[in-house]
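Asks: Protein chains in written order, with my numbering: chain A, 1 to 313; chain B, 1 to 359.
Source of the hints: derived by calculation from the structure; they are not laboratory data.
Check each hint, because a few of them may be wrong.
[What the hints assert, rightly or not] Listing some non-contacts, in silico: residues in chain B with all C-beta distances to chain A over 10 Å:
no.: 1; residue: 50
no.: 2; residue: 88
no.: 3; residue: 253
[Said to hold, decoys possible] Here chain B is said to cover these stretches of chain A; the calculated rule only asks that three of the stretch's residues, wherever they fall, bring their Cβ under 8 Å from a Cβ of chain B:
no.: 4; region: 203-213
no.: 5; region: 280-288
Just so you know, these numbers come straight off a predicted model, no measurement behind them.
Even glycine gets a Cβ: it sits at the ideal position worked out from N, Cα and C.
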Amino acid sequence: MSNPATLAATVAGADAIAAELGGPSGPRPRVTFSRRNIILYGTLIFAAIYYLIPLYVMVVTSLKGMPEIRLGNIFSPPIEITFEPWVKAWATACTGLNCDGLSRGFWNSVRITVPSVVLSIAIASVNGYALANWRFKGADLFFTILIFGAFIPYQVMIYPIVIMLREIGLYGSLTGLVIVHSIFGMPILTLLFRNYFSSLPEELFKAARVDGAGFWGIYLRIMLPMSLPIFVVAVILQVTGIWNDFLFGVVYTRPDTYPMTVQLNNIVNSTQGVKEYNVNMAATIITGLVPLAIYFISGKLFVRGIAAGAVKG
Amino acid sequence: MTSVLVRDVSLNFGTVEVLKALNLDVPEGEFLVLLGPSGCGKSTLLNCIAGLLDVSAGQIFIKNKNVTWEEPKDRGIGMVFQSYALYPQMTVKGNLSFGLKNAGVAKDEIEKRIARTSEILQIGPLLERKPSQLSGGQRQRVAIGRALVRDVDVFLFDEPLSNLDAKLRSELRVEIKRLHQRLANTMIYVTHDQIEAMTLADRIAVMKGGVIQQLDAPQAIYNRPVNRFVAGFLGSPAMNFLDGELAAGPSFKIGATAVPLARYTFDGSASRIGPAVLGIRPEHIAFGDAAKASPFSQQVEVELVEPMGSDTLVWTRLGSQNLSFRVEAEKPLTVGDKVLIGFDPARASIFDSTAGNRI
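Chain B on its own, in the form it takes in the complex (with noise of 0.2 Å):
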């Protein structure tokens, strides 16, 4: 069952095009996260979403009823802000009851559903504390539970954690998926950290300019990148990009070298001959012996060694191009050592080299 449909959704500020004739379909339960650099347009089409901007064409749909014209209290919808936005005048609990008490909801009825929510968010301690007796963690927690305690169909997160520091931010992401099996709501999260995205969600819809470039599962997305936009966004150590020409056989030239295509599976029909860009991530490139059994391999010298704790970005050069690759962290690789890596084309994306459209 749908949970959110966005039909056509446009929103221009003056002559700027935010929002193109977007369409979204969120199912029932699904955590869905929009993620894109800033400016894409994923937290104006949030508001939209919230009702906290019109929408300058389209229609909003929340568990099949027409929102568009509604105003954000009857959308059945809760939010959780960037900044928490907590009312800084009143205590926490004042804070959790204020959305119950505009919508003129019986005092013993807040009170239970406070109760319940301090003990699912564990905040039960600090009721009756001002937020800025709250530490930054503490505060996020009440702002989702002035979410949670309006008893809503549909989560909105506008970067809940952005403001947080490293660690408390992997904590709460956490968290944040554990409230969502727990409770199996509906969630869109907005976000521009790929960590998140690639952690929480069921379905990623990567935005840029106003437009969904690719609304797939994390892994798909990962994996199967739609064009070279989504391929660079997604992944720390970002994606390898070479420059180079498909040729027949196929085969795909970088300089001297030919990288053997007969294992990729190529997209629709559109010219495999040409000039064209191979991406491939670090962590599918194999080195040593493992390189061996690849269907594609090169002897290359190691130029720069960045140890990250868990593994070793090593940095080197194929042809004339800057290539990096990951290795066990415990692999005694130097500057100026002689190694073989190879990695598998099935594993790779081929990208139009002016479009960026995947091939």
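Extracted from the complex, chain A is given alone in its bound form (with noise of 0.2 Å):
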């Protein structure tokens, strides 16, 4: 439709588009210090120095002699850099009657870590992909009584739990307490796996069951190969949890079996002596390095799994 009117109008628009040419081309200048950025990384900084100056303090402070701890610089470096702290804490510091460090605790909390996590995992991952892919009668009803189990206090079932536990003569053991954290690890698990798997596409399912997979075929071979985000959720939050886990070791377990944390209570907060602030602080990095660890391993999965299995309800 180009008739010679139409076109004179262009022509005229075009004219004036023109006389604009002079004013912004390309991409926007960025003001490197303008408000906003001064507000957004102000923020940031400030958050981020609110965080990271206790860890300051008590690396600083585990680095120092005790005679340099008393003249109360607590943010002042050390002069003299010792180690000694660290290897008491490790190997020497008294606990009760032992006086081995937290060396103890630690093969201890390994002991009870590793088997939980597994487990625990095992369980709850089958279970949501039960949950998630075969829709078997009463399904929603037995979730949701996991999911109420999520919000009851532990301390309610302390008192249960070591009669359980005592009358089927696991009390003060580490099975018994690696079945307590298995089974306190389930709603929260399964409801991660649940909806991590129900947010894979259901026609694989579907597929893999045309191609004659069973349950365990389908679990193993299909839905196992795409879940590593998730897997990865799962044992950071396994690990944090049960490795920093005080109430149910203190608990459920007897001093030759107390894992870490207990120990490192009964450290640092032993009334006879001095207080020894530099191997208090050692022994507390010492404790906090495993899940600090493996949450620098795998953050950036822990994110993406976290992403994906939380979105879908």
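Both chains come to you apart, so use the hints to assemble them.
Replies: Have a look at this one:
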């Protein structure tokens, strides 16, 4: 439809635009110290410092000798760096009757954490898979009860569990604690896995059924290979939760099977003798290292998995 | 010989009835298309035939064997899904062999079948790739291959082309038709795309609300739809519907205009007097000189012109109602032109104005 009138109008329009050609062109220039940037980065830097200062104080203090600590300058870096407190915290600090430091508790914690994590994730992932893909009768009721379990305060169940463990002869043993951790991990982990598996395309599951794969075949050969992110999330949640657990550790074990957190408490809160701040700081950092390491190694996968598992209800 | 027989199958999700005592009989080697808008139960019916959903009532037979309670793998079916549903962690070869390995087929037999399938679908060069390294069309080809390799009696397609772009869709459509001609298996194909249905099907089952509205050859459904829903669902551009009144004669009155119905074949013995709807497809309306020869013709004014390349759709009014008709692309029609249009009432459809059934 090119009649002369419209053509002329277009040309006139082009002239008007040409007059503006000297104006902005290309990407808009960014000002480094704009108000927006100052507020944004200022807040972030402030928050980062706020959280990092305690860590800084801990590291610095753990590297000082006691005379230096007594000077009272908690922010000043050590004049004479010493690793003595670290060695003492790990190998010779006294907790009750034992004087072999945190090392005993560390290995106890490993013996508690590894089987608990493996067991709870193995069971919860199958639970989640069954709930998401094999809609059995009463599935919704089962799921509701399980989720309800996540909201009951742990303290309510401590004494009944003591009795149950005593009756089956596992009270005070590491096995008993592993069972307790696995059970208490179940609600949140099942929810996590169920949501993740429901977010996988349903047609994949159908295709596998047409291809003749059964319950375990689909789980092991189709679902598992697609679920690395959510397993990483579960591992991080469980390792952090179980490693940092104090309540169950102190209730369900005996002094020679105490996990690291309970030992740490016994070192830090001992009422006899001088408070050795440097040893306390070193012991605390050592105890926190495992969850920290796990998080740093798999942080990226963690975020991806959380996003994948949490969105769909 | 009957290949798939569905007898009185109902399916309820809670209180919602998705399928209502549905019957369907698919002869050996037929290409049957289940066509309908979303939510009409067509995919649900396919899932019931596949055994992925348990029916609430009724029976399903495949190859004269009652498979109502059988697992999908024992039904002798292969299925192709809309989202391809390829196993992402396996290579194409792994995807093709997964079902065979589960069935315990011997290794050399698996190789033989994969070779044959990849030859048919021309996916030989892709065998070692992962699904993520394939294009949409290639993925769907592999998905078809996965059904093919299992050597089944019945193929089920659940909207297999809906995720592809228009060009690829028409290419694969032809390929599926070719595949059917070559294999001569029974195929049941679910789609909401009426062009796919028309081009592929031996017979189409138009569904709505869990009930099959009409089951017939594509041309028969196109020319003699049993109700207004079927008439409106098939055909693009859509059929024109004109409200009016059936009068003695017989004739159909649209305002002051009367369409003589002497050549129209009435269905059954329903009342032939009173309000009704006349349906006429845009391509059945003649124009210009051709209209003069039609039993019914009328002078109208062009209101809107939609050029579509191969032809042009022209909008006008008959009385106060919108009407569209198709003319060759070369006809120089502009808005405001007065033209003569006409049609043969034998090609029209007349529906009950309340229930919408064909009269």
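Asks: Next, verify each hint and record whether it holds.
Replies: Comparing the hints with the structure gives:
1. Listed as a non-interface residue, residue 50(B) fails to keep its Cβ farther than 10 Å from every Cβ of chain A; the least gap is roughly 6 Å.
2. For residue 88(B), the non-interface assignment is contradicted: its Cβ lies about 6 Å from the closest Cβ of chain A, within the 10 Å cut-off.
3. With 10 Å as the threshold on Cβ separation, the claim that residue 253(B) sits away from chain A holds: the shortest Cβ distance comes to roughly 41 Å.
4. For the region 203-213 of chain A, the proposed coverage by chain B is satisfied: 10 residues have a C-beta within less than 8 Å of a C-beta in that chain, meeting the threshold of three.
5. Check result for the region 280-288 of chain A against chain B: violated, 0 residues qualifying (beta carbon to beta carbon below 8 Å, three or more required).
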